[in-house]
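Chains as they are written, first to last, in our numbering: chain A, 1 to 178; chain B, 179 to 356; chain C, 357 to 534; chain D, 535 to 712.
Hints are computed from structural coordinates only; laboratory data are not their basis. Ideal placement from N, C-alpha and C gives every residue a C-beta, glycine not left out. Treat the hints loosely; a few may be bogus.
What the hints assert, rightly or not - Pairs of lysine-lysine, DSS-like flavour, derived with a Cα cap of 25 Å:
| # | chain 1 | residue 1 | chain 2 | residue 2 |
| --- | --- | --- | --- | --- |
| 1 | C | K382 | C | K480 |
| 2 | B | K251 | C | K429 |
| 3 | C | K429 | D | K560 |
| 4 | C | K429 | D | K664 |
| 5 | D | K607 | C | K429 |
| 6 | D | K607 | B | K204 |
| 7 | A | K124 | A | K136 |
| 8 | C | K486 | B | K204 |
| 9 | C | K382 | C | K424 |
| 10 | C | K494 | C | K429 |
| 11 | B | K204 | B | K246 |
| 12 | C | K492 | B | K251 |
| 13 | B | K204 | A | K73 |
| 14 | C | K494 | C | K480 |
| 15 | C | K382 | A | K26 |
| 16 | C | K484 | C | K429 |
| 17 | C | K382 | B | K251 |
| 18 | D | K658 | A | K138 |
| 19 | A | K73 | B | K308 |
| 20 | B | K302 | B | K316 |
| 21 | A | K68 | B | K302 |
| 22 | D | K672 | A | K68 |
| 23 | A | K73 | B | K251 |
| 24 | C | K424 | B | K246 |
| 25 | A | K26 | A | K73 |
| 26 | A | K26 | A | K68 |
| 27 | A | K136 | D | K607 |
| 28 | D | K607 | A | K130 |
| 29 | D | K607 | D | K560 |
| 30 | D | K560 | A | K26 |
| 31 | C | K424 | D | K662 |
| 32 | A | K26 | B | K204 |
| 33 | B | K251 | B | K308 |
| 34 | D | K602 | D | K658 |
| 35 | C | K382 | D | K607 |
To be verified - Just a sample of chain C residues kept apart from chain B, beta carbon distances all over 10 Å, derived:
| # | residue |
| --- | --- |
| 36 | A371 |
| 37 | I372 |
| 38 | L381 |
| 39 | A388 |
| 40 | H417 |
4 protein chains.
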Amino acid sequence: MSTTRLEAFSDGVLAIIITIMVLELKIPHGSALIDLQPLIPIFLTYALSFQIIGIYWNNHHHLLHAAKEINSKIMWANLNLLFWLSLIPFATGWLGENYTQSWPTAMYGILLLLAAGAYQILQKTITKEKSDNETKGKLSLICYMLAVFLAFVNPIFSDLLYASVALMWFIPKHIKIS
Amino acid sequence: MSTTRLEAFSDGVLAIIITIMVLELKIPHGSALIDLQPLIPIFLTYALSFQIIGIYWNNHHHLLHAAKEINSKIMWANLNLLFWLSLIPFATGWLGENYTQSWPTAMYGILLLLAAGAYQILQKTITKEKSDNETKGKLSLICYMLAVFLAFVNPIFSDLLYASVALMWFIPKHIKIS
Amino acid sequence: MSTTRLEAFSDGVLAIIITIMVLELKIPHGSALIDLQPLIPIFLTYALSFQIIGIYWNNHHHLLHAAKEINSKIMWANLNLLFWLSLIPFATGWLGENYTQSWPTAMYGILLLLAAGAYQILQKTITKEKSDNETKGKLSLICYMLAVFLAFVNPIFSDLLYASVALMWFIPKHIKIS
Amino acid sequence: MSTTRLEAFSDGVLAIIITIMVLELKIPHGSALIDLQPLIPIFLTYALSFQIIGIYWNNHHHLLHAAKEINSKIMWANLNLLFWLSLIPFATGWLGENYTQSWPTAMYGILLLLAAGAYQILQKTITKEKSDNETKGKLSLICYMLAVFLAFVNPIFSDLLYASVALMWFIPKHIKIS
């Protein structure tokens, strides 16, 4: 069994996840610029989650290149990852409307941790080689855990931490971060 | 006519079915942890249906490998399967909001029976060989029928039975279950 | 430019059209069997439109096999077809809630005529050969025109005519219908 | 890394963007022809945005043919383009309900400018060759800027300008426009 169809299905699911999030941006009733103001935090969390799904898509792509054939275990590990990622639109919507509240902020981080854990499982199922992005992956996990904790101190710190992790992935590999 | 485009179209439809179900998880108005509580049954039925669609995707993939070319009959049989599967988001939503009620629970099982029947028809149209998952397939059918019946005794029994069937598909093939 | 990506994009759009129609099946508030009753006409129009999109997908697939390369004209003709088909979920929803009313019934037929016209244009752009389904195509056009007219006499006649056309496409090619 | 999966993912996202816009066409409560009247501007903006996404899909297709391999920069530049395009359903919905108002009209143009800018970046990342559609691209940018300005004079002028740009892309390449 080749990787082609697993990639096609995953691409489909990721494309839908990344796009249906935009449905949370409800069209305002008024037509003034000010009517867009309440949408700003929802827009920013949308942009953040778009970027996170984009990172997953990119890493997923590289990871599946390492797989020579797909067995039953890889398929379930992949479905497990897609499941947690499919909840990101929900967590994004809740965070966007409550970005100053502890639980929505913490829950977003918990979901990112679950997705990251599912990715680790998929990676270990596919290859024993270490990922090129080993350091970034570990750093992300630590930041997410910290953000979940900080959500109960000041959720804004967590929001900034989520954004920092997303930005970190833009830094090219050959620049050492540790 | 090759199987490529039939697979691509089916993958697309299955990817959308599996993802739009998450839209039933409406974002709560409050921001406390307790506000997520009413969503728990909806989340659990979502997870169940996600797993069921995942199983169909996996089996569908293996089945189409057995097909050498696609004729008109296979195409209609495939469309018939996709039709019943496309109703799963609806049945999932109804069950999620009424998991202790007889009819929503029974209807979920009836739909799973119809989808399973459509899968049998597709299988017979494609190949005369028996499936590797023959035993699991038959056991699933019996459990679904039992669950539809039990929905009028105690719907919780049916819900547990649906979950058990989904879990059964995780057991690797080489472990004998009968 | 090969046909691969045009097929992939069209498959994607058709897969989404066929699946988002199911969102019109709103989950009932009650949990009794009777609560599903108002959904019956909506379910039936959904089944009808699902079948119609399925026919288009099938024919589209065969048509693009005849194309050796894709030029700008083919691309626009294809986009034109997808545009009219993308309105089917809207027309289906309006018909489903008003299947005894003249205008929703007529509008459904008018949209089918527009889609059929767009398909004819695409066909002529791709190939000068006659389609295998020439007779069925013409018969469909006549029936749709008749249905639009009948919508102002008795919409139920039109609904039955739409269903008959969809059923006609199941008849294998080698059985002569004229 | 080949272009195949980047194309597949982009096609998926573009197919979803082009299709979910139709969800803004809410089914009217009445069943008379007159009930469709308030939907006319929403329908027209839908048709406009459908055409614009179609143009992007077409150009995107040609652009990626020029790419021999996909590096990290191309991937991010592509994701950046998809991000701005994913906001088109929102801007379309706001414009459709407020096509005589300045800000919704201006915002639509600003978004088109951002998407066009993202496309320029992607193009420069992929190839140093000039695009075949260089003139049309530049003309579009000028028209969008003019439309944003005109939105505060008379939004209808802007709407007509948006439509003119979309129509311009139908003109075959070999007819000189300058």
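Okay, the hints, checked on the actual structure:
1. K382(C) to K480(C): violated, 40 Å
2. K251(B) to K429(C): It is violated: about 32 Å lies between the C-alpha atoms, which goes past 25 Å.
3. K429(C) to K560(D): violated, 32 Å
4. K429(C) to K664(D): Holds, at roughly 23 Å.
5. K607(D) to K429(C): Since the Cα atoms of K607(D) and K429(C) sit roughly 32 Å apart, the hinted pair is violated (cutoff 25 Å).
6. K607(D) to K204(B): violated, 36 Å
7. K124(A) to K136(A): holds, 17 Å
8. K486(C) to K204(B): Measuring from Cα to Cα gives roughly 50 Å; hence the hint is violated.
9. K382(C) to K424(C): Outside the cut-off at roughly 43 Å; violated.
10. K494(C) to K429(C): Status holds; Cα separation ~24 Å.
11. K204(B) to K246(B): violated, 43 Å
12. K492(C) to K251(B): Cα-Cα ~18 Å, so holds.
13. K204(B) to K73(A): The hint is violated at about 32 Å.
14. K494(C) to K480(C): The given pair, whose Cα atoms are some 14 Å apart, holds under the 25 Å limit.
15. K382(C) to K26(A): holds, 19 Å
16. K484(C) to K429(C): The hint holds at about 15 Å.
17. K382(C) to K251(B): violated, 32 Å
18. K658(D) to K138(A): Distance of about 33 Å is beyond 25 Å: violated.
19. K73(A) to K308(B): Within the cut-off at roughly 23 Å; holds.
20. K302(B) to K316(B): Answer holds: K302(B) to K316(B) is near 14 Å, not above 25 Å.
21. K68(A) to K302(B): Violated - the C-alpha atoms of K302(B) and K68(A) are around 31 Å apart, more than 25 Å.
22. K672(D) to K68(A): violated, 45 Å
23. K73(A) to K251(B): violated, 32 Å
24. K424(C) to K246(B): holds, 23 Å
25. K26(A) to K73(A): violated, 40 Å
26. K26(A) to K68(A): Roughly 43 Å between the alpha carbons, so the hint for K26(A) and K68(A) is violated.
27. K136(A) to K607(D): holds, 18 Å
28. K607(D) to K130(A): At roughly 23 Å apart (the allowed maximum being 25 Å), K130(A) and K607(D) satisfy the hint.
29. K607(D) to K560(D): At roughly 40 Å apart (the allowed maximum being 25 Å), K560(D) and K607(D) break the hint.
30. K560(D) to K26(A): holds, 14 Å
31. K424(C) to K662(D): Given pair K424(C), K662(D) is violated - Cα atoms ~30 Å apart, limit 25 Å.
32. K26(A) to K204(B): holds, 14 Å
33. K251(B) to K308(B): OK: K251(B) and K308(B) at ~19 Å, within 25 Å.
34. K602(D) to K658(D): Between K602(D) and K658(D) the Cα gap is close to 14 Å, so the pair holds against 25 Å.
35. K382(C) to K607(D): Status violated; Cα separation ~43 Å.
36. A371: Given a closest Cβ separation of 3 Å, the condition is violated.
37. I372: violated, 6 Å
38. L381: violated, 5 Å
39. A388: violated, 6 Å
40. H417: violated, 6 Å
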